[in-house]
Amino acid sequence: MIEFTFWDILRNLVFATRWTLLLSLAAFAGGAIVGLAILSARISKTRWPRRFASGYIALFQGTPLLMQLFLMFFGLPMLGFRIESWTAAVCGLTFYASAYLAEIWRSGVEAVPRGQWDAAASLGLHRLLELRLIILPQAFRITRAPTVGFLVQLIKSTALASILGFDELLKTANAINNATFEPFKVYGLVAVIFFALCYPLTQYARFLEKKATFG
Amino acid sequence: MRYSVDFNWLWDGMGALAYGAGTTLALTVSTSVLGIVLSILGAAARRGPYPWLRKLVGLYVEIMRNTPFLVQLFFIFFGLPSLGIRLDPITAAVLAMTLNMAAYTIEVVGAGLDAIPRGQKEAAQALGLRPRLVFFKIILPQAIAIIFPALTSQIIIMMLESAVVSQISVRELAQEADLLQSRTFRSFETYLVATLIYLSMSAALRRLLFAGKRRFLGAGLA
Chain F
1 MIEFTFWDIL
11 RNLVFATRWT
21 LLLSLAAFAG
31 GAIVGLAILS
41 ARISKTRWPR
51 RFASGYIALF
61 QGTPLLMQLF
71 LMFFGLPMLG
81 FRIESWTAAV
91 CGLTFYASAY
101 LAEIWRSGVE
111 AVPRGQWDAA
121 ASLGLHRLLE
131 LRLIILPQAF
141 RITRAPTVGF
151 LVQLIKSTAL
161 ASILGFDELL
171 KTANAINNAT
181 FEPFKVYGLV
191 AVIFFALCYP
201 LTQYARFLEK
211 KATFG
Chain C
1001 MRYSVDFNWL
1011 WDGMGALAYG
1021 AGTTLALTVS
1031 TSVLGIVLSI
1041 LGAAARRGPY
1051 PWLRKLVGLY
1061 VEIMRNTPFL
1071 VQLFFIFFGL
1081 PSLGIRLDPI
1091 TAAVLAMTLN
1101 MAAYTIEVVG
1111 AGLDAIPRGQ
1121 KEAAQALGLR
1131 PRLVFFKIIL
1141 PQAIAIIFPA
1151 LTSQIIIMML
1161 ESAVVSQISV
1171 RELAQEADLL
1181 QSRTFRSFET
1191 YLVATLIYLS
1201 MSAALRRLLF
1211 AGKRRFLGAG
1221 LA
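In order, the protein sequences belong to chains F and C. For the first sequence, my numbering assigns the number 1 to the initial residue and increments by one for each residue that follows. For the second sequence, my numbering assigns the number 1001 to the initial residue and increments by one for each residue that follows.
Source of the hints: derived by calculation from the structure; they are not laboratory data. A portion of the hints provided could be inaccurate.
What the hints assert, rightly or not - Examples of chain C residues lying across from chain F (beta carbon under 7 Å, computed): (1) Tyr1019; (2) Thr1023; (3) Asn1066; (4) Val1071; (5) Phe1075; (6) Ser1082; (7) Gly1084; (8) Ala1163; (9) Tyr1191; (10) Thr1195; (11) Ser1202.
Since the structure is predicted, the reported quantities are computational estimates derived from the model, not experimental observations. Virtual Cβ for every residue (Gly too), placed ideally from N, Cα, C.
Work out the full structure: start from the sequences and follow the hints.
What follows is the structure, given as structure tokens:
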């Protein structure tokens, strides 16, 4: 048994938190980009992209994230990619996030009044420009609260990357726990750190929601 | 070596996967029942006369909602024994899932109860029904009809999240897939099949719940 003081444990965990943050940011950025693509397929005028997008969303919302991560981790090498846990985690979380973000933003697009589309069309804009200049900015404004809410979800989901062997907060905690045999303290601290990351965002989402409701 | 897809192991693995899927369903059902009971109590406490109890339940909801389920599970399974509370994996899994789900459904159930007009309660009381009957026969069924879609989503989310209890060796679907792939060395195919089973289970569960709702609560209420 190695002697770790409380501060040693805390310091190591706080250092590991940067990987949790980095993973969350990478997955959110990736999820936003892929999510936009899925969103535009989902609201396309032709049927096949629409079908594909709703199948994609149903697939990622109807299966456990853990299985998606495992498929990424074991599937990509089959296609000839050598893969590390970091790549698998980012790819897995990106696809997962994209399905949810596409669905959240679609609800925003649907909440944009019909007249906005007509007005955009009457300006003679190309459909992509219509979306980019007129519809999406409004849709994003409407769905700011659930988007921040999903970011909390995503930060919590990065804990699953520990199962793939990626050294984020929880994996580091497991390692420390194996050395110190103080699971109560170690996992308690992990919970506190996650709470410190997520709670401000939860409060911010709540604030945005209130603002949206009461103007 | 070129990797090629091979599903020959599937015949032998079928029994294990079916067993795992059964465990996953059993976990989901027991969690849903316990979680809903707990959230009715929690919602009542949230609206109850004791400020300290209201605060306590609020704190509980915030803590559970802002920490990962996997961390909660590890805390309960590995952490609690140092307080002298030793749980077997299945109990720990059900406890963690129930506590997690309740944090999300307390507010859902509460919102449903708030949505029932006061007149319903007064009318039932005027009929001379006892308070307990008023709650269980008049208020609760209407509230459940209103929150049904949110509750259904939460139950399905919980079923999908239950995959991580494989990490404390509960032999549910994900764990059976884990064991299977370590025997067959067919990780991609095994996880693919397990994922498809989860997909069909979540689709089937959604249909079943909505069919049940139409049967027992009637259509058009929500």
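Status of the hints after comparison with the structure:
Of the supplied interface hints, the one on Tyr1019 (chain C) is violated, with its beta-carbon coming no nearer than about 17 Å to a beta-carbon of chain F, more than 7 Å. Taken as an interface hint, Thr1023 (chain C) does not check out: its beta carbon lies about 14 Å from the nearest beta carbon of chain F, beyond 7 Å. With a least beta-carbon distance of about 4 Å to chain F, the hint placing Asn1066 (chain C) at the interface is held under the 7 Å criterion. At a threshold of 7 Å, the smallest CB-CB gap from Val1071 (chain C) to chain F is about 5 Å, leaving the interface hint in force.
Restraint check, Phe1075 (chain C) versus chain F: the minimum CB separation of about 4 Å is within 7 Å; hint holds. For Ser1082 (chain C), the suggested interface contact is upheld, since its CB lies about 4 Å from the closest CB of chain F, less than 7 Å. Taking 7 Å as the C-beta contact cut-off toward chain F, the hint placing Gly1084 (chain C) at the interface is violated, the least distance being around 11 Å. Checking Ala1163 (chain C) against chain F: minimum C-beta separation of about 4 Å stays under 7 Å; hint holds.
With a cut of 7 Å, the hint placing Tyr1191 (chain C) at the interface with chain F holds, because the nearest CB-to-CB distance is about 4 Å. With a cut of 7 Å, the hint placing Thr1195 (chain C) at the interface with chain F holds, because the nearest CB-to-CB distance is about 4 Å. Below 7 Å, beta-carbon pairs count as interface contacts, and Ser1202 (chain C) has one with chain F at about 4 Å; its hint therefore holds.
Going down the numbered hints, you'll see the structure goes against 1, 2 and 7, while the others check out.
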